[in-house]
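There are 2 protein chains.
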Amino acid sequence: MIRLFVPHALAPDAGIALDEAQSRYLAAVMRQEVGDAVRVFNGRDGEWHAVLADVGKRSVRLHVQTCERPQTLGPDLDLVIALVKRGRLETIVEKAAELGCARIRPVITARTNADHTKVARLQAIAVEASEQTGRLDVPQVLEPVKLEAMLKTWDDRRLLFCDEAGDALPVLEVLRSEPAGPWAILIGPEGGFSPAEREALRAKPYAVPANLGPRILRADTAAISALTLWQAALGDWNPSRHVELS
Amino acid sequence: MIRLFVPHALAPDAGIALDEAQSRYLAAVMRQEVGDAVRVFNGRDGEWHAVLADVGKRSVRLHVQTCERPQTLGPDLDLVIALVKRGRLETIVEKAAELGCARIRPVITARTNADHTKVARLQAIAVEASEQTGRLDVPQVLEPVKLEAMLKTWDDRRLLFCDEAGDALPVLEVLRSEPAGPWAILIGPEGGFSPAEREALRAKPYAVPANLGPRILRADTAAISALTLWQAALGDWNPSRHVELS
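Chains as they are written, first to last, in our numbering: chain A, 1 to 246; chain H, 247 to 492.
Source of the hints: derived by calculation from the structure; they are not laboratory data.
Each residue gets a CB set at the ideal place from its N, CA and C atoms; glycine is no exception.
Please note that the accuracy of each hint is not assured.
[As the list claims (entries may be wrong)] If you anchor each label on the Cβ, the simulated ranges turn out as follows: (1) A:Ser177 to H:His488: 47 to 57 Å; (2) H:His488 to A:Thr72: 33 to 43 Å; (3) H:Pro451 to A:Glu20: 48 to 58 Å; (4) A:Thr153 to H:Ala257: 52 to 62 Å; (5) H:Ala411 to A:Thr72: 50 to 60 Å; (6) A:Thr153 to H:Arg304: 48 to 58 Å; (7) H:Asp413 to A:Gly87: 32 to 42 Å; (8) H:Asp361 to A:Gln71: 35 to 45 Å; (9) A:Lys152 to H:Ser440: 52 to 62 Å; (10) A:Glu199 to H:Gly292: 31 to 41 Å; (11) A:Lys152 to H:His309: 50 to 60 Å.
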């Protein structure tokens with residue numbers, strides 16, 4: 001079943017005029033016709049059954065019918081990720097969406113060698129991955145900021161600091177004694193954090209250092225592994241501990 | 247420090263003639279010169295410090311000096327992976343090497359739509375990822391076989407069967423009461439296993455069904471997540487339970 005993320009309000013009998021990109025996707029790529037069914041969600045109103053009411057090459061209208069799943073949100077989990085090469089950053093965004101992340105916050109650190117990324121492109125990848133993975137919301141991709149600036153306005157949520165250079169304990173062991181609730185995961189660039197950054201991070205009361213095993217991981221592997229372990233320990237892969245984003 | 251996987255025996259004062267690809271990499275890509283140092287490993291003799299003794303564009307000779315790390319092996323863990331699209335299969339092989347897998351066994355299932363892959367290309371990716379990740383061996387990539395045929399000659403090692411369609415318990419919960427030792431992880435194709443395959447797998451005494459959370463995961467995400475959770479529960483990310491491959 002095709003799933004589409006739309007900006008429109010969803011309610012019984014709502015009519016939706018899809019934008020050109022989604023219209024082309026349905027009409028030209030997926031060859032859908034009047035009467036064919038799709039699912040739509042907007043991050044607020046749950047998932048709805050809709051049928052194609054009018055099909056043009058560049059404009060498709062949907063007729064929204066019944067709510068199939070009430071709105072739920074995943075855990076309140078941010079991924080703070082140092083800018084890495086485009087391909088790996090795109091993989092990370094796709095995987096963060098599949099793994100139930102709420103926000104993706106690119107950061108510039110001492111050893112990143114880029115200071116910008118195409119946020120709109122990353123956001124589009126997050127939308128597509130969310131449609132495919134079955135979630136009812138889409139993670140927000142923020143503009144990159146410097147790590148130092150981000151930490152200055154930090155909201156005190158717990159920060160899982162994946163520290164490959166240190167003597168930290170394994171992630172699962174560390175998370176066993178930590179509370180559920182709002183969290184962030186911090187993944188550094190391929191060259192690691194600078195000594196000054198490590199020292200500053202270690203001094204933050206909200207930072208929880210942890211290690212990701214005995215081998216050197218690429219940034220995309222580290223991000224996926226840390227998201228998985230957090231979800232399995234404190235997130236919605238562990239129904240006994242999960243706290244939903246409110 | 248550059249690390250190279252070589253087929254040669256490694257011992258004090260050994261001389262090694264690198265093949266053309268590795269010679270070009272050192273001389274032309276990395277611009278190494280006589281006297282520069284590299285590390286070499288072969289999966290048997292540990293990791294050695296070596297220096298470039300002779301540098302031609304297509305032939306570099308190394309002089310092996312001292313052993314820097316004695317040989318260790320990771321856990322006895324196979325990844326059994328249904329054939330998926332080339333790009334995602336290559337990602338899986340890279341990540342399986344980083345995550346300490348011993349063998350990668352592609353399989354053909356009812357819903358795979360390919361019956362072959364370039365094993366030599368996948369093996370080259372496994373070598374490169376192993377050099378980068380710091381391990382002292384390289385996972386072996388086997389020729390694809392049919393799932394049914396593989397199960398007929400199965401050696402009774404435990405098989406973590408990642409079953410998205412079922413009512414299985416979460417991976418971490420399942421592994422908590424399982425023994426360490428030889429294991430395999432089975433990841434299906436994007437369309438999942440057929441009902442007949444699921445029934446056959448569920449009937450095997452060595453199969454351990456488990457789920458990977460509430461969202462639909464692409465095959466590469468599922469493989470990375472399952473490898474991570476296995477390593478954190480029973481592998482070398484959990485020093486209290488890890489059993490080394492012997």
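Hint-by-hint comparison with the structure:
Under the hint 47 to 57 Å, the C-beta atoms of serine 177 of chain A and histidine 488 of chain H, about 21 Å apart, miss the expected range. Separation of histidine 488 of chain H from threonine 72 of chain A is about 37 Å and conforms to the stated range, judged on CB atoms against 33 to 43 Å. About 55 Å separates the C-beta atoms of proline 451 of chain H and glutamate 20 of chain A, a value consistent with the hinted range of 48 to 58 Å. For threonine 153 of chain A and alanine 257 of chain H, the hinted distance range of 52 to 62 Å is satisfied, since their beta carbons lie about 57 Å from each other.
Checked against the hint of 50 to 60 Å, the pair alanine 411 of chain H and threonine 72 of chain A fails, with Cβ atoms roughly 20 Å apart. Separation of threonine 153 of chain A from arginine 304 of chain H is about 55 Å and conforms to the stated range, judged on CB atoms against 48 to 58 Å. For the hinted restraint 32 to 42 Å between aspartate 413 of chain H and glycine 87 of chain A, the CB-CB distance of approximately 37 Å keeps it satisfied. The hinted range of 35 to 45 Å is satisfied by aspartate 361 of chain H and glutamine 71 of chain A, whose Cβ atoms lie roughly 43 Å apart.
Take lysine 152 of chain A and serine 440 of chain H: their Cβ atoms lie about 54 Å apart, and the range 52 to 62 Å holds. For glutamate 199 of chain A paired with glycine 292 of chain H, a C-beta distance near 34 Å keeps the hint of 31 to 41 Å intact. At about 52 Å, the beta-carbon gap between lysine 152 of chain A and histidine 309 of chain H stays in the expected band of 50 to 60 Å.
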